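Q: Okay, here's what each chain looks like letter by letter:
Protein chains: 2
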Amino acid sequence: MEQKIIHIGADHAGFQLKEHLKKYLQKKGLSVKDWGAYKVVKTDDYPDYAKKVAKAVQKEGLGILVCGSAEGICIAANKIKKIRAVPVWNTKLAKLSRQHNDANILCLSGWQLTRKKAEKIALTWIKTPFSGEARHKRRIQKIRRMEWK
Amino acid sequence: MEQKIIHIGADHAGFQLKEHLKKYLQKKGLSVKDWGAYKVVKTDDYPDYAKKVAKAVQKEGLGILVCGSAEGICIAANKIKKIRAVPVWNTKLAKLSRQHNDANILCLSGWQLTRKKAEKIALTWIKTPFSGEARHKRRIQKIRRMEWK
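Order-wise, the sequence lines are chains A and B. Just so you know, we're using this note's numbering here: the first sequence kicks off at 1 and counts up by one. Just so you know, we're using this note's numbering here: the second sequence kicks off at 1 and counts up by one.
Any given hint could be a false lead.
All copies of an identical chain are treated as equivalent in the list; a pair is satisfied when it fits inside any one copy or across any two copies.
[To be verified] For lysine-lysine, the following DSS-like pairs were computed, each having C-alpha atoms within a straight-line distance of at most 27 Å:
id	residue 1	residue 2
1	Lys42	Lys142
2	Lys142	Lys59
3	Lys142	Lys52
4	Lys39	Lys142
5	Lys120	Lys23
6	Lys52	Lys27
7	Lys127	Lys22
8	Lys42	Lys137
9	Lys22	Lys120
10	Lys81	Lys137
11	Lys92	Lys42
12	Lys142	Lys55
13	Lys55	Lys137
14	Lys137	Lys39
15	Lys33	Lys142
16	Lys95	Lys42
17	Lys142	Lys22
18	Lys127	Lys81
19	Lys4	Lys33
20	Lys92	Lys82
21	Lys92	Lys116
22	Lys4	Lys95
23	Lys116	Lys95
24	Lys120	Lys59
25	Lys120	Lys92
26	Lys95	Lys117
These aren't lab readings, by the way, just hints derived from the structure by calculation. On a predicted model such as this, the values are computed, not experimentally measured, just so you know.
Could you put the whole structure together from the sequences, leaning on the hints where they help?
A: Take a look at the structure:
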């Protein structure tokens, strides 16, 4: 697979799945940069990891964030300019979010996804290119103009 | 049920489900303000409805947005200050996103949800209060500080 850097991060609730995905994606030949957590700290806060990964993705590559429900970390990541973060629950949504929204951060639930399911979603998402269609480009441009409003 | 204003909006792909939910929530005694689309226009863009509903929710009440996958409209809404928008697929996530994230916009998929499922998710989400726990408040404060970075 193409050498695309994947920035990865998780809070305490996403830690185990993040560790698993990191090894899985590395085995698939991908370059993975881990932005923490580096151990389970029950009092850590998902926005801190969202910010680190989002800032890295602003510069290059794609991101994967894991928290309990995938919702909080998605809200937080989308607050950063140029970030399009999506919670994904199946491979259909994984494809759509890349093809239509050119999503650059995938948010996964540490509580609701099995490891197998998360592997499949992550790999499908990374492999699917943006369609580049004019209507989708126009909508993404409109999102960019909404930032900081 | 408490008289809480619900701002609702959808693009062409979410139009039918939006129309259905509007009537359903009104029957449940809720006050619903519809920000369009008012008819199916295949070339309309989800960020336009996300912006209208998000700006209304900044001032008062809660919002519901519907597009094809629920992903694009969620990215767009989160670009607006004070908005915490979440795509939701089941009642468990509906509860969690209110209890933990104090989500103020619910994003639903016009392509992947049945009307019955969407009704159940919407009503559960509207009825569930924010837990107000200190750890969740702290995380939401951190999200606020990430806006426009």
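Q: For which of the previously enumerated hints does the structure constitute a violation, in increasing order of number?
A: none
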